[in-house]
Every structure is written in C-alpha cells, then in structure tokens.
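J.: If you want the building blocks of each chain, they are given just below.
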Amino acid sequence: MGIIRRAKDEFRPIFIFLVIISSFLILSYRLIDLQVLEAQEYVDFATNQHDRDYNLFAQRGKIYDKNGKELALSLHQVTLFANPYFVKDPLNYAIKLGEILNMNVEDLKEKLSRSNSGFEYITRKIGPELANRVMELNLDGIYSTREDKRFYPKDSQACHLIGFVGLDNKGLAGVELEYEKQLHGTDGKIIAKQDGLGRIIPGTYTLKSDPEDGYDIHLTIDENIQFYTESRLKKGIQETGAKRGTIIIMQPKTGEILAMANYPDFDLNGFNQSNSDNLKNLAISYNFEPGSVFKFVTASSVIDSSSISKETVFNLPPTIKVGGRVISEPFRHVAKDYSVADILIKSANVGTVILAQQMSDEVYYNYLSKFGFGQSTGIDLPGEEIGVFNHYSQWSGSSKATISFGQGISVTPIQLLRALSTILNDGVAPNPYIVKRICGKNGDIDYFPKPEIAEKRVISSETAEAIKSILIRVVEEGTGKNAKIEGYKVGGKTGTAEKPIEGGRGYHSDISITSFMGFAPGDDPTLACIVMMDEPSTANGRVWGSTVAAPIFKDVMSFTLDYLRIPPLTTDIEQ
Amino acid sequence: MVIDTRAEILLRKRSKRKKKSYLVKQERVKTGSSMISLTFFITSIVLIGLLCFSIILLNFQIAQNQLKINNTRKEINYQSEIKERLNFRIAQLQSPQRIFEEAIANLGMSNPDEINYLNIDTFQLVEQQKLLEENQDTQVGSSGSENFFNPEFKEDVYKTILTLLFP
Chain F
1 MGIIRRAKDE
11 FRPIFIFLVI
21 ISSFLILSYR
31 LIDLQVLEAQ
41 EYVDFATNQH
51 DRDYNLFAQR
61 GKIYDKNGKE
71 LALSLHQVTL
81 FANPYFVKDP
91 LNYAIKLGEI
101 LNMNVEDLKE
111 KLSRSNSGFE
121 YITRKIGPEL
131 ANRVMELNLD
141 GIYSTREDKR
151 FYPKDSQACH
161 LIGFVGLDNK
171 GLAGVELEYE
181 KQLHGTDGKI
191 IAKQDGLGRI
201 IPGTYTLKSD
211 PEDGYDIHLT
221 IDENIQFYTE
231 SRLKKGIQET
241 GAKRGTIIIM
251 QPKTGEILAM
261 ANYPDFDLNG
271 FNQSNSDNLK
281 NLAISYNFEP
291 GSVFKFVTAS
301 SVIDSSSISK
311 ETVFNLPPTI
321 KVGGRVISEP
331 FRHVAKDYSV
341 ADILIKSANV
351 GTVILAQQMS
361 DEVYYNYLSK
371 FGFGQSTGID
381 LPGEEIGVFN
391 HYSQWSGSSK
401 ATISFGQGIS
411 VTPIQLLRAL
421 STILNDGVAP
431 NPYIVKRICG
441 KNGDIDYFPK
451 PEIAEKRVIS
461 SETAEAIKSI
471 LIRVVEEGTG
481 KNAKIEGYKV
491 GGKTGTAEKP
501 IEGGRGYHSD
511 ISITSFMGFA
521 PGDDPTLACI
531 VMMDEPSTAN
541 GRVWGSTVAA
551 PIFKDVMSFT
561 LDYLRIPPLT
571 TDIEQ
Chain W
1 MVIDTRAEIL
11 LRKRSKRKKK
21 SYLVKQERVK
31 TGSSMISLTF
41 FITSIVLIGL
51 LCFSIILLNF
61 QIAQNQLKIN
71 NTRKEINYQS
81 EIKERLNFRI
91 AQLQSPQRIF
101 EEAIANLGMS
111 NPDEINYLNI
121 DTFQLVEQQK
131 LLEENQDTQV
141 GSSGSENFFN
151 PEFKEDVYKT
161 ILTLLFP
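In order, the protein sequences belong to chains F and W. For what it's worth, the working numbering labels the leading residue of the first sequence as 1, then goes sequentially. For what it's worth, the working numbering labels the leading residue of the second sequence as 1, then goes sequentially.
Simulated from the structure, these hints should not be mistaken for lab results. It is possible that part of the hints are untrue.
Said to hold, decoys possible - Pairs of lysine to aspartate or glutamate residues, derived as EDC-like cross-links and limited to a Cα-Cα distance of at most 16 Å, are as follows:
1. F/K149 <-> W/E81
2. F/K96 <-> F/E110
3. F/K280 <-> F/D534
4. F/K149 <-> F/E110
5. F/K208 <-> F/D187
6. F/K234 <-> F/D265
7. F/K125 <-> W/E81
8. F/K235 <-> W/E101
9. F/K69 <-> W/E84
10. F/K235 <-> W/E114
11. F/K346 <-> F/E477
12. F/K441 <-> W/E84
13. F/K346 <-> F/E476
14. F/K189 <-> F/E147
15. F/K149 <-> W/E84
16. F/K235 <-> F/D277
17. F/K310 <-> F/E465
18. F/K125 <-> F/E147
19. F/K235 <-> W/D113
20. F/K96 <-> F/D107
Said to hold, decoys possible - Which residues of chain W face chain F? A partial, calculated answer using Cβ under 8 Å:
21. F88
22. A91
23. Q92
24. N106
Everything numeric in this text was worked out from a predicted model, so none of it was measured. Idealized CB from N, CA, C, for every residue including glycine.
Between the sequences and the hints, there should be enough to build the whole structure, so can you do that?
T.: Okay, structure coming up:
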C-alpha cells in the first residue's frame with residue numbers, strides 16, 4: 001500500500017504538469033489557428049459585418065465635336081432604393097411613392113414587402129427635384145444615392161457614331177463603347193463602420209481611394225456638317241422611299257471623318273425604344289455589292305500593274321461571255337473603241353471586264369487586298385464589317401469578270417471611301433479615324449489616338465493622278481454630271497448595283513443600291529464623300545446612282561465646301 | 001536565554017519607536033520643499049488643464065472650419081451641378097436642328113432651294129400697263145374713275161402681271 005501511495009504521490013505532479021502542458025498546447029494551437037491559419041477568413045467575416053463600402057462614382061467624360069460643342073455629357077441623378085426589412089407599412093409607402101413617382105402601386109408594394117431581401121431598387125436615375133419630394137416624406141427604409149446619367153443634348157444627331165451607355169453607365173455602342181476605358185474613369189471608394197442594426201456609425205468614414213473622372217473626347221466630326229448631311233440624307237430617303245442610306249465625308253489626306261450620317265436614325269436619349277436594326281452604323285457595317293462605283297479600283301489596278309495607260313484603246317463588243325456568263329452593256333449594242341478613260345466615263349461593264357482580264361487572278365486579288373477590301377479599315381468604332389471577298393483560289397470562272405464591275409464582292413461604304421481616298425492621297429491608303437483628341441479635365445492628359453497602323457502605298461502616284469483625272473472627266477462629261485458644283489472641279493463615280501436575291505440565286509431586276517462617290521476641289525481634293533441609298537425608287541422610274549445619289553452628293557459637298565470656306569483651285573477657275 | 005531574548009525584543013521595539021519619531025521629525029523639517037512641490041503640482045495641473053482646454057478649443061475650431069469647408073464644398077458641388085445642367089440646356093438650345101426649326105417657324109427663314117428668284121423687266125411691265133390703260137380708255141371712253149373701280153379692268157391688269165411673272 002505504501003509503495004502504491006508513494007507512486008501515486010510521485011505521479012500526481014507529473015500528471016498535473018502534463019494536463020497543464022496539453023491544455024497550453026491545445027490553447028496555443030487554437031490561438032495559432034485563429035490568429036494565423038484561419039485569420040484572414042475571420043478578418044473578412046468581421047470586415048463584412050462591420051464595414052460598408054460606398055462607391056464614389058467617377059464622372060464619365062464628355063464627348064465633343066471638333067469645335068468643342070457638347071454631344072454627350074453626364075448629369076447627377078438620384079436613385080431611390082429600399083431596405084424592405086425596415087419598411088413598416090408597404091401598402092401605405094407604395095401609395096405615397098407611387099403618387100410622386102407615377103409608378104404602379106402594386107409593383108411597389110410587392111417590392112417593399114420582400115422583407116428578407118435587404119435591398120430593392122425603387123427607381124433609378126431620376127431628377128433631384130423628384131427625389132427630394134420622396135426624401136421629404138422621411139420614410140423608414142427608403143434611401144437615396146447619387147448616380148450619373150448620360151444625356152445627349154442633340155438627341156439623334158450623330159447617334160450611330162456617338163453610341164450610348166447602359167443603366168450601369170457602361171458604353172454599349174459607338175464611341176461610348178470603343179473608348180469606354182478612357183470615358184469611364186475609375187470609381188473611388190469610402191468605407192464606413194456600421195452597428196449591429198446596420199446603421200452607419202457617424203465619424204467612421206475612411207476614404208480608400210479618390211474617384212478619377214473619365215477623360216473628355218473630341219471627335220473629328222463637325223456638328224454643322226453632320227447636321228446638314230443627316231438632313232439631306234433624310235430628305236433624299238423620304239423623296240425616293242429608300243429603305244436606308246448612308247453618307248460619309250472624309251478628308252482623304254488625313255483620314256479624318258467630318259460627318260458620318262445614317263438613316264434610319266434613333267433618339268440617343270431613348271435608344272431602348274428604337275428598333276434594333278436602326279442602331280446599326282451602316283457606314284461601317286453595311287455589306288453591299290458596290291456595282292459600277294467599284295470600276296475605278298479595277299482601272300487603277302490594271303494601269304498600275306501593266307503598261308496599259310489611261311489612253312490605251314480597246315475595241316469593246318456589246319456583250320462578252322466569261323465563264324459561261326454573258327455580260328452585256330445596257331445602252332450599247334454595237335462594238336466600239338473605248339480608251340481606259342472612256343470605259344470609266346461611260347461606265348462600260350464589258351470594258352471593265354476586259355481591263356480585269358489583262359491581269360492574272362493573283363495580281364488582281366493582291367491589288368484589291370491592298371486597297372483594303374476584305375479587311376477592316378481600322379476605324380476607331382466598334383462593329384466594323386470587313387465585307388465578303390473570297391481568295392482568288394475560290395473564284396469561279398466568272399468571278400474576276402463580275403468583281404471588276406462590282407458584283408460578287410461585298411464591301412462597306414467606309415472601305416469604298418478609303419479606296420477612293422487612296423487615289424486622292426497619291427496612292428497611299430489613309431487610315432480613317434473618328435477621335436481627334438482625348439484630354440483630362442485638368443488638361444493633365446492630352447493625346448491624339450490616331451490609328452497606329454502605318455499608311456501603306458497601294459498604287460504609284462502616277463497611277464493615282466491618272467485615275468483622278470479620269471474621275472474628274474466622269475463628272476464633267478460622263479455619268480456623274482448631276483454631281484457638278486458650280487465654280488469647282490469635281491471628280492467622282494456613279495454606281496447602280498442590282499441587289500442579290502436573299503437566299504436564292506441571281507439578282508433582283510427592279511431593286512438596286514445606288515451610290516455616288518466623289519471629291520472636290522478638283523486637282524487637290526480636300527474632301528471625299530460617299531452617298532449610298534438602298535432600294536430607292538423615283539416617280540419616273542429612273543433609279544441610278546447619277547439620278548439618286550449624285551444630287552445628294554452635290555448638295556452635301558457644296559455645303560461643306562462653303563462652310564469650311566474652301567475656295568476653288570486656280571485650275572477650277574480656269575475650267 | 002529567555003530573559004535575554006525578551007530584553008532583545010524590548011530593545012527592538014524601542015529602536016522602532018525611535019525610528020518612527022525620527023521619521024516624523026524629518027517630515028517637519030522638509031515642509032518648505034513640499035510646498036514647492038505642491039505649487040509645482042498645482043501649476044502643472046493648471047497648465048495641463050489649459051493645454052487640454054486649448055486642444056479642445058483648437059479641435060472645436062478645426063471642426064468648425066471643417067464644417068465650413070464641407071458646406072462650401074457642398075455649395076460648390078451644388079453650383080457645379082447647376083452649371084452642368086445649364087451647360088446641358090445651352091447645348092440643347094444650340095442644337096442645329098432646333099435653330100433650323102426655330103428659324104423656319106418663327107424667323108421666316110427659307111432654304112435657298114425653296115426660294116424662286118424672278119427677274120422682272122419693269123420697263124416692259126410699265127409699257128404693258130400703259131397699253132392696257134390706253135385700250136381700256138378707247139373701249140369704255142367714259143371717266144377714268146369708272147375704269148379704276150371696274151373689277152374686270154383690275155383682273156386684266158393682274159392677269160398681265162402674272163403672265164409676265166410666270167411666262
């Protein structure tokens with residue numbers, strides 16, 4: 001017994017020591033677990049419970065035209081929201097709110113009755129006056145916060161170009177989308193502590209980051225030229241009953257777009273009520289077979305690639321059979337000698353086919369590629385189409401022949417205008433662009449986002465000069481007479497293309513796309529313009545590029561020359 | 001041993017008493033320096049109090065200034081908002097579309113293609129009118145006042161003018 005008792009007495013302190021040590025170890029582990037291993041989780045949990053984040057919204061940058069006229073700006077609006085948990089009498093609240101906000105009482109009541117929700121929007125982005133009337137009611141659980149709303153003071157002007165933003169102030173189309181990053185800026189953040197009931201504890205605000213307002217964007221378009229162009233296009237479409245139309249005015253040597261008009265248009269302040277088809281920027285996204293307006297590209301390619309000059313004469317039959325397809329001239333029934341210049345002036349289909357036959361498929365394809373067909377022009381707008389332009393290995397027996405006069409190839413208006421501008425820019429393709437300059441509110445940032453793609457030479461300057469002189473003759477003595485502007489030498493090319501049958505083979509005989517593409521003043525053009533009208537019709541039935549599109553070109557170009565005070569050149573006056 | 005021990009205890013007690021009395025005496029001796037300490041202590045308290053008060057006052061002043069700054073900021077924001085709204089209104093009013101419509105509706109503006117310019121040969125007009133008057137005189141023969149009030153005569157003149165204007 002004595003031995004056992006002694007052993008017990010000796011073991012007791014060891015046991016107590018072990019218990020203390022193990023308790024200490026367990027506590028230490030738990031402490032390490034809390035403080036180190038799962039520390040972040042608990043910190044996050046506590047932060048979520050105690051802190052409430054508030055966004056300090058950065059003000060979205062403005063959009064101006066080239067003369068500093070506002071086209072898009074943001075104004076502070078108020079958003080009303082509720083925490084239904086604190087709403088005591090949903091029906092009474094709904095009646096009061098519905099009366100002021102002109103909203104459906106049942107909908108409001110349903111929202112305010114969701115007591116488990118914690119957050120419900122009542123209405124977003126309303127005027128401060130209206131919001132003040134609601135806040136003066138001092139209703140429990142009804143709160144307000146400030147949000148920016150985008151406004152477009154010119155309503156539908158340049159709508160396809162400017163684009164629009166969604167409810168979250170993020171760009172959805174046009175410049176608003178393309179330059180979202182620069183326009184949006186960076187939101188700031190404030191953190192405040194809240195008590196157990198979710199009420200903010202006064203004086204616990206901590207500024208985490210200041211908001212950085214978005215940059216302002218200055219476009220290359222001129223508000224007045226844009227307005228006139230849009231008005232003239234609208235008038236033309238109403239007169240001819242065309243389905244749609246587009247006009248682009250560009251400075252051919254710089255690629256600067258002065259106006260880009262599309263019809264049908266839509267109101268930027270209510271874009272969501274518009275038909276989605278109307279939202280498309282046809283100038284960069286409408287693929288169409290260009291027809292005769294394309295012939296100058298074929299002529300440029302053949303002159304540049306061979307020894308053929310603009311004076312070279314070809315004997316043209318009235319019809320020609322290529323790859324099992326007969327191509328004929330609409331107004332000529334006898335064989336005739338035409339120079340290359342005459343082929344363009346008289347817009348001869350057979351002549352253009354013969355010109356294309358002077359080149360191999362590969363050479364012709366390469367020239368068309370160099371002119372930019374089948375590729376994006378790189379314009380700083382979203383949604384640009386590249387057209388339909390197959391590789392020459394996929395061409396049928398008649399493809400080269402039909403492409404030569406603008407059938408069997410789809411292009412966009414901006415691609416065509418760029419091709420013309422290549423001729424006017426001494427054979428070098430300019431890069432079209434729409435944003436002239438981006439600048440910060442304090443003038444701290446100021447840069448010019450001109451496209452970085454290097455301008456490339458497409459044809460020699462001699463070829464460009466030759467084609468330019470032919471195009472001037474097209475207006476003086478050929479199909480483009482209706483585009484003549486008194487006092488100025490004008491160049492251009494008409495186009496009337498039959499529309500292909502959708503989902504079938506062949507072309508409609510009575511539906512066409514008419515176009516005119518031209519430039520002024522004469523030998524040193526500062527303006528290039530394209531007019532495209534889809535499915536026009538006139539009372540006398542004569543639907544041609546020369547009768548529908550050329551007069552519109554004349555009016556628009558005449559206005560722009562006057563407005564920009566571009567005088568006629570000496571060569572124009574001599575003429 | 002026991003007696004000795006008691007004697008020792010007594011001695012110790014006495015010595016303790018002595019020590020105590022000595023301590024009391026010592027305190028009495030140093031009364032002057034304790035007054036200085038007390039004064040120093042009170043002064044320090046007062047100074048610290050003043051310091052605290054001035055800090056509170058300063059904070060109060062800072063809070064007041066902060067409030068003013070906040071109010072001014074609010075006012076700036078409010079005025080900026082008003083300015084932005086006015087800018088928007090100006091931009092709306094400067095819209096070419098609005099100006100165009102206003103000019104046509106209220107200021108009598110016309111598009112150049114809507115105006116027809118007529119070149120009237122006034123000499124020919126006067127000659128024609130004279131001829132007409134002569135013809136009328138010979139036909140009616142009576143007083144000129146009758147011709148003037150004759151509606152048929154006026155109608156003829158108008159017709160002639162209209163044919164000249166719109167041949």
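J.: Are the hints correct? Go through all of them and say.
T.: Quick rundown of the hints versus the structure:
1. F/K149 <-> W/E81: Since the Cα atoms of F/K149 and W/E81 sit roughly 12 Å apart, the hinted pair holds (cutoff 16 Å).
2. F/K96 <-> F/E110: With a Cα-Cα distance of about 14 Å, the restraint between F/K96 and F/E110 holds, given a limit of 16 Å.
3. F/K280 <-> F/D534: The hint holds at about 14 Å.
4. F/K149 <-> F/E110: violated, 27 Å
5. F/K208 <-> F/D187: holds, 11 Å
6. F/K234 <-> F/D265: Between F/K234 and F/D265 the Cα gap is close to 9 Å, so the pair holds against 16 Å.
7. F/K125 <-> W/E81: Roughly 15 Å separates the two Cα atoms, so the pair holds.
8. F/K235 <-> W/E101: holds, 15 Å
9. F/K69 <-> W/E84: Cα-Cα ~14 Å, so holds.
10. F/K235 <-> W/E114: Holds. F/K235 to W/E114 sits at ~14 Å (cutoff 16 Å).
11. F/K346 <-> F/E477: Within the cut-off at roughly 9 Å; holds.
12. F/K441 <-> W/E84: Status holds; Cα separation ~14 Å.
13. F/K346 <-> F/E476: Roughly 12 Å separates the two Cα atoms, so the pair holds.
14. F/K189 <-> F/E147: This hinted pair holds, its Cα atoms lying about 14 Å apart.
15. F/K149 <-> W/E84: holds, 12 Å
16. F/K235 <-> F/D277: Roughly 20 Å separates the two Cα atoms, so the pair is violated.
17. F/K310 <-> F/E465: Roughly 10 Å separates the two Cα atoms, so the pair holds.
18. F/K125 <-> F/E147: Within the cut-off at roughly 6 Å; holds.
19. F/K235 <-> W/D113: Holds: F/K235 and W/D113 sit about 13 Å apart, inside 16 Å.
20. F/K96 <-> F/D107: holds, 13 Å
21. F88: The hint holds - W/F88 has a Cβ within 8 Å of chain F, the shortest such distance being about 6 Å.
22. A91: W/A91 check passes; min Cβ-Cβ to chain F is 4 Å, inside 8 Å.
23. Q92: Holds: closest Cβ of chain F sits about 4 Å from W/Q92, inside 8 Å.
24. N106: For W/N106, the interface hint is violated, since the closest Cβ of chain F sits about 19 Å away, which is over 8 Å.
The earlier numbered hints that this structure contradicts are 4, 16 and 24.
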